[in-house]
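A.B. asks: Let the hints inform the model, and build the full structure from the sequences given.
Next come the chains, spelled out residue by residue.
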Amino acid sequence: MTYKLYYFNIRGLAEPIRYLLKYGKIDFEDVRVEREDWPKLKETMPMKQMPVLEIDGKRVYQSVSIARFLGKKVGLAGSNDLENLEIDSAVDTFVDLRLKVTAVMTTPEDKKAEAMKTLKEETVPFFLSKLNALAEENNGHLACKKLTWADLYFAALTGIVKFGAIEGEDIWEKYPALRKVVDNVEAIDAIKTWINERPVTDF
Amino acid sequence: MVVYKLHYFNLTGLGEPIRFLFHYGGIDFEDVRYEMNEWVDLKKKFPLGQLPVLEIDDKEHVQSMAICRYLAKQVGLAGDSDLENMEIDAVVDTFNDIRLKISTVMWEQNQEVKKEKQKILHEQQIPFYFKKLDEYAEANNGHFACKKLTWADLYIASWSKYFSYAIKEVFNDYENYPNIKKVVDNVLAIENIKKWVETRPDTFC
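Protein sequence lines, in the order shown, are assigned to chains Y and L.
Numbered per our numbering, the first sequence finishes at 203, counting up by one with no gaps.
Numbered per our numbering, the second sequence finishes at 205, counting up by one with no gaps.
Please note: incorrect hints may appear among the correct ones.
Stated by the list, open to error - Not the full set, but computed from the structure, chain L residues with beta-carbon under 8 Å of chain Y: (1) Leu48; (2) Gln63; (3) Ala66; (4) Ile67; (5) Arg69; (6) Lys73; (7) Met86; (8) Thr94; (9) Ile98.
Don't read these hints as lab results, they were simulated from the structure.
Since this is a predicted model, take the numbers as computed values, not measurements.
The beta carbon of each residue, even a glycine, is placed where N, CA and C say it ideally should be.
C.D. replies: Okay, here's the thing in structure tokens:
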């Protein structure tokens, strides 16, 4: 199979996909679209959004669905339906947090300060403490007491977590089990290498 | 025998796709429903303080989509391959994108903001997404994915009652989207689903 990934020149929602492809040592073309080229390309994309993964010329979309598919491909899915349910639940919970964070990021300026306050003081702590509890129960993983695509998905999107940090705070101090999840992923050779050689971008 | 207990509000919403799947598969389950006022106290007892929660042999599971995907596999409505499952996931995720926009507007408290968002929702977002979904239904011979009945069909069909309330101004039971309408009507005609819809508790959405 040939893989071609389309996204902006940032980590963002494509990064979990890149992590999984790198983990599985799967060759892929990592297309990064410049902002000025996007309007024209947009019209050719299935849902006018990215990331889009082209598999043997067929374009698929929805970052979590793609991650689930690749998770299976690279041996990071569950061993049975109940394990897959556990993985999906953990990822969906993190996505709930991600969506709340991005909603605040895109709140109009006049309402933003208040939205940020609620985010940092209530929403983020609520979700991260739940996810931290999961990581504790699962020995430094988000599900099934073993490395799954849920761990890679989370580790690739730590920017979301950090966005919710209060000024000057090291958010990981409060959630050491989640820190362990990220450390475990970043210690994997293929991921370590990727982190060192990937383009450096703000997001 | 696996013992299932579903906890959700006394609404269709996020619980209904799960109920549709149970009924389709002829699987017994306890359908626990909460009114908003009793939920406030119970919230703390559940893992994420959110519903739905599905107990499988007394173990609690969260996240409606994860639950649906699991149940679909149990009742034979998943894909036959990873690529088919990704196709199903993508359609359902796309539907959820517009469903979330619809829900957000429906629950918006500030009337001025609501009116503004409703305009964009009704005039741009719904037409864009429904047209795409209609195209998928056409390309898949009366289904949303894989040219056959999958949980994507049941999932999307289960939201019709909610949409009849949430977007009553423009919904019309998908009259303007004949291919979507065909998929939904086909699902609602399935014996077990038809019986369920006729006998389920009457709720405002």
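A.B. asks: Quick one, is the Arg69(L) hint okay against chain Y at 8 Å, beta carbons?
C.D. replies: This hint holds: Arg69(L) lies near chain Y, its Cβ roughly 6 Å from the closest one there, short of 8 Å.
A.B. asks: Should the interface hint for Ile98(L) be scored as holding, given a Cβ-Cβ cut-off of 8 Å against chain Y?
C.D. replies: Nearest chain Y Cβ about 11 Å off; hint violated.
A.B. asks: With chain Y as the partner, please determine if Leu48(L) meets the hint condition of a C-beta pair closer than 8 Å.
C.D. replies: holds (6 Å)
A.B. asks: Just to be careful: measuring from the Cβ of Gln63(L) to every Cβ in chain Y, is the smallest value less than 8 Å?
C.D. replies: holds (4 Å)
A.B. asks: Given a cut of 8 Å on the nearest C-beta pair, is the interface hint for Thr94(L) held or broken against chain Y?
C.D. replies: Holds - the Cβ of Thr94(L) comes within 8 Å of chain Y, reaching about 6 Å at its closest.
A.B. asks: Against chain Y, with CB atoms and a cut of 8 Å, does the hint on Ala66(L) hold up?
C.D. replies: The hint holds - Ala66(L) has a Cβ within 8 Å of chain Y, the shortest such distance being about 3 Å.
A.B. asks: Holds or violated: is the Cβ of Ile67(L) closer than 8 Å to a Cβ in chain Y?
C.D. replies: holds (7 Å)
A.B. asks: Restraint: Lys73(L) near chain Y, CB-CB cut 8 Å. Satisfied or not?
C.D. replies: holds (5 Å)
A.B. asks: Next item in the hint list is Met86(L). Is there a CB on chain Y closer than 8 Å to its CB?
C.D. replies: Because about 4 Å separates Met86(L) from the closest Cβ in chain Y, which is inside the 8 Å limit, the hint holds.
Checked against the numbered hints above, the structure violates only hint 9.
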